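Novice: What follows is the residue order along each chain.
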Amino acid sequence: MFRGTKKRFNTRDMPKKIRYGDYLGQVRVRQVALSYNQVTAYDAQHRRRPRLRPRDFYRLVAPYLSVRIIEQFRAVIPVALFLALFQGLALQSHVAGASGIAVGIGVVMLGLMLFMEGLKHGLMPFSENIGHLLPARSSLASVLAVAFILGVAATFAEPAIGALRAAGSLTDKDQAPLLYYLLNNNPEAVVYAVAGSVGLAVLVSMLRFMWGWNLKWLLLAVAGPCLALTGYMALDPRLSPIIGLAWDCGAITTGPVTVPVVLALGIGVSAAAGRENNTLDGFGIVTLASLFPPLAVMSLGLYLDTTGLPADLGGRAAVETSSSIVLDGITAALRAILPLTLLLWLVQRYSLREPIERRNLILYGITLCVLGMAAFNIGLAEGLNPLGAQVGDQLSSAFHPQDEAALYPYWLGLGLALLFALCLGFGATLAEPALNALGVTVQNLTDGALRKDTLVYAVAVGVGLGTVLGVVKIVFQMPLAWLLLPTYGVALLLTLFASEEYVNLAWDSAGVTTGPVTVPLVLAMGLGLGRAVDAQEGFGILAMASVGPVISVLVVSLWMRVREWFYRFDFGRTA
Amino acid sequence: MKTREGNEQLVVLTDAVLITCIVQRGEAEEAVQAARRAGAQGATIFYARGSGVRQKHLGILGVTVSAEKEVIYIVAASDQADRIFDKIFTAAKLDTPGMGMIYMTPLEKMATYVPHEIIKRFAQD
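Protein chains in written order, with this note's numbering: chain A, 248 to 822; chain B, 5 to 129.
With the rest of the complex left out, here is chain A:
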């Protein structure tokens, strides 16, 4: 720690002597001594908050804000810039309403920032606490009940669930009556099905934590029927349009509310279950939460198909646009956060009989959550959605065969569109805040064997390629099952060969990546593109974007294993 001495303090060498202490006496700050006893006594008498100088306020608040703003800035700006540049350079058109979109994007960043901070201080301590205490104090049945209800409530709170409805506006009544019915006449049924299945997924995950089930076999047990059902539905022309919706639901639900809340609960429960190998515990919930919804929605479709649809589907349900987007955003946020909070509070108060600590802080966090989600909703409606939709609309002009004004020859234009999809998937994924957090965790957990960059890029490439497949599906109007079955089949096959921890990791990264930045952009682009090429429906891109990373991460893990094996072999020969 202390190496050598520095010459300048060696006063012996100096010709003239000044005592160092005297010198210091001149330059140092004057100190006034005060007994700590006096301070504590004063504190005990006056429980007043310290009066802050403006300087103190600045020192406290400035670093706090800047770190968090920069984080969101890094997430959102590169993607937005990429979209705008692509539109300007490759599609040679201007971004319509650029200033409105810019403001919207700014509001999105603000919203994300507030929301994340609110989650950290408000909802997460709540659910972590419940996860810790509940298994110790209640019966298994009530733990499972709480897990189920929490999963359901978190899904209702998910902002992107609302986006499903907008997505339905594209559906053609005659070509896909069942899908049309689900989205326009009975959207609540879809939301209930999804929420219920997420609740079930959380419940199963809790059981898995408590009894130490292997995710690998659980996955095969769930994904197998899922694929079988998909295959069955693909054969029926009436049922097949639902497949896209069903699989996209899986990707949508694992969003910014569900993931942290449910993960916090899972971490608490798995810590309380006290298994020793807790390195990759907590993983796996997200995976199940994204596999159960497709199963549920497809089952719902089957059920409706057998009971028969009402003869008259009615006109297109008017898309509710109230006078003010701002008001919409705020009410949506309140509706999302408050029930969830109330539920957490009730469990804490009446099931655990635990007083709520630091009430102010939690109140602050929840307020931030509501504000953040409101801002996020507003910004989404004003910024990211229009931008994504514009690009999606115009993307087809690059290659559209019927369009006289096609900018490029067909194949070149199509290539350009696919390249765009690749970059969008890749960039939006790099921007997802949750992925970076996952990368850091993984690097720590694997002792650096899997570096953060390796994981992040593997996931991003996977999402990019998945997005390309999704666009191909929409442009050529392929049945989604043709793409889903082989890709998920490959993913399951790889899962069989990969080690348990990488299975956890790969499937979870798929759920995590389709987060608040990627989902609206990709969804908007898919719908815009679908509208432009007159597709039946614009679903399916998200589903492809979430299977991509599963495959890519599993491939990376297998490659690492092969390399390791090869090294060992090599060493064996030389040693």
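By construction, these hints were calculated from the structure, which means they are not laboratory data.
Since the structure is predicted, the reported quantities are computational estimates derived from the model, not experimental observations.
Mixed in with the good hints there might be a few duds.
[Said to hold, decoys possible] Not the full set, but computed from the structure, chain B residues with beta-carbon under 8 Å of chain A:
# : residue
1 : Gly56
2 : Leu65
3 : Val69
4 : Lys97
Even for Gly, the Cβ is constructed at its ideal location relative to N, Cα and C.
Since the structure of chain A is already known, use the hints to place chain B on it.
Specialist: What follows is chain B alone, placed relative to chain A:
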């Protein structure tokens, strides 16, 4: 080290002072820089968690203060210690509530590598 008689000899340094400073995670670097400029020769940084009463008294502003902390250890010569103390205090902005604290404790003795010529010069008897 061997003396002329062949006995083990250990050079210990006296007049050393331990300065401990607790700041928020990520803030230590600045404080250490300031300490170095004031003559400190090294620093050890620990990661820690904790919160103090000043931080709790901030009310809602308390969220800006991270419970993740860094603890800086600096062993300094007693002549320099006060100056280093001042400089760290200013650099770490400890006059704002929640920013942390600093304290100084006398050390009975310390030992580390001391260059040969210095030992020859000072520790002959």
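Novice: Each hint should be assessed against the structure and marked as holding or not.
Specialist: Hints versus structure:
The closest approach between the C-beta of glycine 56 of chain B and any C-beta of chain A is roughly 12 Å, which is over the 8 Å cut-off, so the hint fails. With 8 Å as the threshold, the beta carbon of leucine 65 of chain B comes within range of chain A, its nearest partner Cβ sitting at about 6 Å, so the hint holds. Using the Cβ-Cβ criterion of 8 Å, the hint placing valine 69 of chain B at the interface with chain A is satisfied: the shortest such distance is roughly 7 Å. At its closest, the beta carbon of lysine 97 of chain B sits 5 Å from a beta carbon of chain A; the interface hint therefore holds under the 8 Å criterion.
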